[in-house]
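Let the sequences and hints guide you as you build the complete structure.
Numbering (my numbering), first residue to last: 67 to 239.
Just so you know, these hints were derived from the structure itself, not from any lab.
Accuracy of the hints is not assured; some may be wrong.
Using C-beta positions, here's what the derived DEER-type ranges look like [claimed, not checked]:
#	residue 1	residue 2	range
1	95	164	39 to 45 Å
2	203	163	38 to 44 Å
3	86	213	22 to 28 Å
4	164	224	21 to 27 Å
5	134	225	19 to 25 Å
6	213	128	38 to 44 Å
7	115	95	38 to 44 Å
Model, not experiment: these values are computed from the prediction.
Glycine included, each C-beta is placed from N, C-alpha and C at the ideal position.
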Amino acid sequence: MINGLLRGLIYFVLFVLIQVLVLNNIHFLRIATPFLYVYFILKMPVDDSRTRVVFFSFLIGLVIDWFSNTSGMHAAACTFAGFCRSPLIGVLVKKELQEGVYPSYRSFGVGCFFRYVLFFVLIHHTALFLIESLTLFDLLFLIIRIFSSVAMTTLLICTVEAFNIESQKSGGE
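What follows is the structure in C-alpha cells.
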C-alpha cells in the first residue's frame with residue numbers, strides 16, 4: 067500500500083516536472099508536442115476504481131494547466147481520457163489480469179501495451195487539441211497536429227516503458 071502510494075507520488079512529481087520544464091518547450095516543426103505526463107495515468111493499477119483514476123487524471127491535468135497557464139484544457143482532456151481508460155483496457159486486454167498489476171510490456175504483452183498506449187494517447191490528444199482549437203476551421207492542420215503529437219508521445223512513452231526497471235523485475239507487480 068505505502069509502496070504503491072510512494073511510487074505514484076514519485077511518478078506524479080517526476081512527470082509533471084519533465085513536462086513543465088522540458089517538454090512544453092518542444093514543438094517539433096511548430097506542430098508536434100510530446101505530452102509524457104499521460105504516462106502517469108497509463109501506469110495506474112488496472113484494478114483501481116474508475117473514480118480514483120478520473121480524480122488523479124483531473125489532478126495531474128490541473129497541475130499541468132497551472133504551470134502551463136492553459137486554463138483547464140489539460141484537466142478536461144485528462145479527465146475524459148481517464149474516464150475512457152477502464153473500458154479501453156477491457157476491450158484491448160483479453161486475458162485475465164492479477165489484482166494490483168500495473169500496465170506494462172510484461173503484464174499486457176508488447177503488442178497489447180502498444181495498442182493501449184496508442185489509443186489512450188489518441189483519445190487524450192484529440193480531446194486536448196479540440197478543446198484548444200475550439201473550432202474545426204482548419205481541420206487538416208488540426209488532424210496533422212493530433213497525429214504528429216500522438217506519434218511523438220507514443221514513441222516517448224514506449225521508450226520510457228522499455229527502460230522502466232520496475233516493470234522489468236517481478237512483472238511490475
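Item to check | Supplied distance hint 22 to 28 Å, evaluated on CB atoms of residue 86 and residue 213 | outcome: Since residue 86 and residue 213 have Cβ atoms about 24 Å apart, the given range 22 to 28 Å holds.
Next on the checklist: Does the beta carbon distance between residue 115 and residue 95 stay inside 38 to 44 Å, or does it fall outside?
Outcome noted: Distance hint for residue 115, residue 95 holds at roughly 40 Å.
Checklist entry - Between residue 213 and residue 128, is the Cβ distance one that fits in 38 to 44 Å? => result violated (26 Å)
Checklist entry - Holds or violated: 39 to 45 Å for the Cβ distance of residue 95 and residue 164? => result At roughly 43 Å between Cβ atoms, residue 164 and residue 95 fall inside 39 to 45 Å, so the hint holds.
Item to check | residue 203 versus residue 163 beta-carbon gap, inside 38 to 44 Å or not | outcome: holds (43 Å)
Item to check | residue 224 and residue 164 - C-beta distance against the hinted 21 to 27 Å | outcome: holds (23 Å)
Item to check | CB-CB spacing for residue 225 and residue 134 relative to the 19 to 25 Å hint | outcome: This hint holds: roughly 23 Å between Cβ atoms.
Checked against the numbered hints given earlier, the structure breaks only hint 6 and satisfies all the rest.
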